Each structure stands twice: as C-alpha cells, then as structure tokens.
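S.K.: Given chain G, put chain R in place with the hints provided.
Protein sequences, first through last, are from chains G and R.
Using the working numbering, the first residue of the first sequence is number 1, and each one after it goes up by one.
Using the working numbering, the first residue of the second sequence is number 161, and each one after it goes up by one.
Check before you lean on any hint, since a few could be wrong.
[Unchecked claim] BS3-like cross-link-like pairs, simulated, lysine-lysine; straight-line CA separation at most 25 Å:
#1 R:Lys168 / R:Lys321
#2 G:Lys65 / R:Lys321
#3 R:Lys321 / G:Lys72
What the hints contain is simulated information worked out from the structure, not anything from laboratory work.
Only a predicted model underlies this, so the values are computations on that prediction, with no experimental measurement involved.
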Amino acid sequence: MSDTDKRSLLRHTVATLAYRGGKAVLNAPEGFDQFRANDSTRTPGQILAHIGDLLDWGLSIASGKQTWHDSKPLAWEEEIARFFTALEAFDSYLGSDNPLHAPEEKLFQGPIADAFTHVGQIAILRRIAGGPIRGENYFRAEIESGRVGADQSTRRVEFD
Amino acid sequence: MSVDDRRKLLNHFLAALAYRTQKALRDAPSDFGSFRIGEGVRTPAELVRHMASVLGYARTFFVGGHYRPEPLASFDEEIQRFHDMLGLLAQHLRNGDSLLEGMTEERLLQGPFSDAMTHAGQLALLRRLAGAPVAPENFIVAEIRQERLGPDQAKPVSPDKIWPEAPKGWQGE
Numbered sequence: 001m002s003d004t005d006k007r008s009l010l011r012h013t014v015a016t017l018a019y020r021g022g023k024a025v026l027n028a029p030e031g032f033d034q035f036r037a038n039d040s041t042r043t044p045g046q047i048l049a050h051i052g053d054l055l056d057w058g059l060s061i062a063s064g065k066q067t068w069h070d071s072k073p074l075a076w077e078e079e080i081a082r083f084f085t086a087l088e089a090f091d092s093y094l095g096s097d098n099p100l101h102a103p104e105e106k107l108f109q110g111p112i113a114d115a116f117t118h119v120g121q122i123a124i125l126r127r128i129a130g131g132p133i134r135g136e137n138y139f140r141a142e143i144e145s146g147r148v149g150a151d152q153s154t155r156r157v158e159f160d
Numbered sequence: 161m162s163v164d165d166r167r168k169l170l171n172h173f174l175a176a177l178a179y180r181t182q183k184a185l186r187d188a189p190s191d192f193g194s195f196r197i198g199e200g201v202r203t204p205a206e207l208v209r210h211m212a213s214v215l216g217y218a219r220t221f222f223v224g225g226h227y228r229p230e231p232l233a234s235f236d237e238e239i240q241r242f243h244d245m246l247g248l249l250a251q252h253l254r255n256g257d258s259l260l261e262g263m264t265e266e267r268l269l270q271g272p273f274s275d276a277m278t279h280a281g282q283l284a285l286l287r288r289l290a291g292a293p294v295a296p297e298n299f300i301v302a303e304i305r306q307e308r309l310g311p312d313q314a315k316p317v318s319p320d321k322i323w324p325e326a327p328k329g330w331q332g333e
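Isolated chain G (complex conformation) (with noise of 0.2 Å):
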C-alpha cells in the first residue's frame, strides 16, 4: 500500500474537519461558547478547547514527539482562531516529505475521528440553544485538500 496515497485522503479528512469545524463554531449566538446543556456536560468552549488540543496530539504523533496537553479555554473568537492554527499546521506536516511516525490509519482514528465527534457536539449543542447551523450537502461542498484555515468557500448547497 502507498503510504503516499493514504496520507493524501488523510489531508482531505483534515480540510473536511476545518469545514464541518468551521460550519459548526462560526457565527455563533452571542455567549454560545458559555452554554451549558446540564451540569455535567462541557460547555462548547471546553469542547472546542479540546479539539485544539486533539489536534495538538495529532501533529506530535505524526512528528514522533507524541504529547499531550490540556488547555484552558481561550475566549470564543481567539479558541476558533487556535483551532484553525492548529489544524494548518497539522496539515503542513501532513502535506511535507517529513515521515509519518504512526499510521495513517491511527492517526485517523485517535485524534483525527475524535475531533470530528466533537464537531458534531458542538453542532447539536448549537441546535439545543437555538441558534442550529443549517443543514448542508456535504457530497457538493468546495472542500480542497490544503484548504484548512477559515477561509473556506461560501459556495454551499444549504437548507433549513
């Protein structure tokens, strides 16, 4: 098998994780990132914040320097900005002739899925307070490997 190949599906699944990422957090109601759907869930800053740090993780074990950090949260606007930090430079080294130190395939199923659950957190969480992003087909969305910082495209097939 190519590793070559795999790991270019896997900078697609990372510019998929910015889109849906940055659907699910951007032009959220005002003081979302404080939401609490009961006491004992996190609240979608903390959730974000852990997103950040999965990504983190993810890099550091692409790199062989696997470590693992827990962040506080940052304020709403500056966790979305570390978010999409976080994932360009993932991506870079991703799209580098630097060697993978684990598997595409763990990659993708530790840090890699868990982010994309936690995406579709925050987007739930969104709906329980009221303010729910709209429904999109995905199958049509722009979505281009190395595209991953927030500028993503506005061209969408959406419905309500």
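M.R.: Below, chain R without anything else, positioned relative to chain G:
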C-alpha cells in the same frame, strides 16, 4: 493516486465509525433510544436511522436508486440496520466497485462518512445528557479492524484511569 489505497482507508473509517457508535450505545439505559433533550433535536433512535440513511445514500452511488429508511419498531433494530449498512458499503469498497455519477472517494469521505462520524459524537453527548455518560479511552490504540463492522465491537484497550466527570460510583472499565 491509487483508488485501492484510498478505499482501504475509507474502510478503516467505517470500522472506526462502527467502534465509536457502539462505544456510545453499549450498556445504554433501556429507554435511551427515545431520549429527547429538546424540541427539534433528534432522539438517539432518530440519529441512528439518519446515520443509516446517509450511508445508504452513499451506497446509491454504487448501486443506483434511492434509499430512505423507514422507522423500525425498536432501537435495537435501528442499530442492527445501521451496522448492516456499514457492512454493505464496506463490501462495495472492498470489491473495487465503480462509483456512479462522477462520485469520488473524497466526496464520500467529506459527505456521508464524515456526517455519520459527527452523529456518533452526538450519541455520546446525548448519553451524558441522559445521565449515563460514556467513559473516555485512548482511541489511538483501540482495536479497530476493517472487517469488524457489526455491533460486536472490542472493549477499550486503554480506558482512561482518571475520569474527572465520572458519575458517582464509577470504578473504571
């Protein structure tokens, strides 16, 4: 780029989805399927049906036609249908079947596959909101295998020893 290599990674995606969905559903309260946290928010049974629906939609790009799953009588049946659909979809990937209508592996990933993974996370959140949270683990060492797509998933290899948000009485896995 080799299609075969991409499909192997997509197969692993489906296996991780099977694992994480079962992680969110295993040992759930008996009435969890109908738990509704608020108006307009899907219940777990509705979520699992939707997950089967998006994967079934993905499958139409191998077999044509349409796929709209009707509600089933029980949550267990919904869960089984979801896993059956995972198996069917994986078989197309393994067979190297052609994709219709210009569909690509990347679009399968960014659409229904990713959709379903986000919903697996929502099931876990609903477990917590229902008062029966799922214990954390290190997923990177989880026993996730491409041929294991049914409800019978492995137990965690490396469950967290410390769980600050654990419910009263939790004694570890």
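S.K.: Please go over all the hints and tell whether each is borne out by the structure.
M.R.: Tested hints:
1. R:Lys168 / R:Lys321: violated, 33 Å
2. G:Lys65 / R:Lys321: Within the cut-off at roughly 23 Å; holds.
3. R:Lys321 / G:Lys72: holds, 21 Å
Violation of the numbered hints given earlier is confined to hint 1; every other hint is satisfied by the structure.
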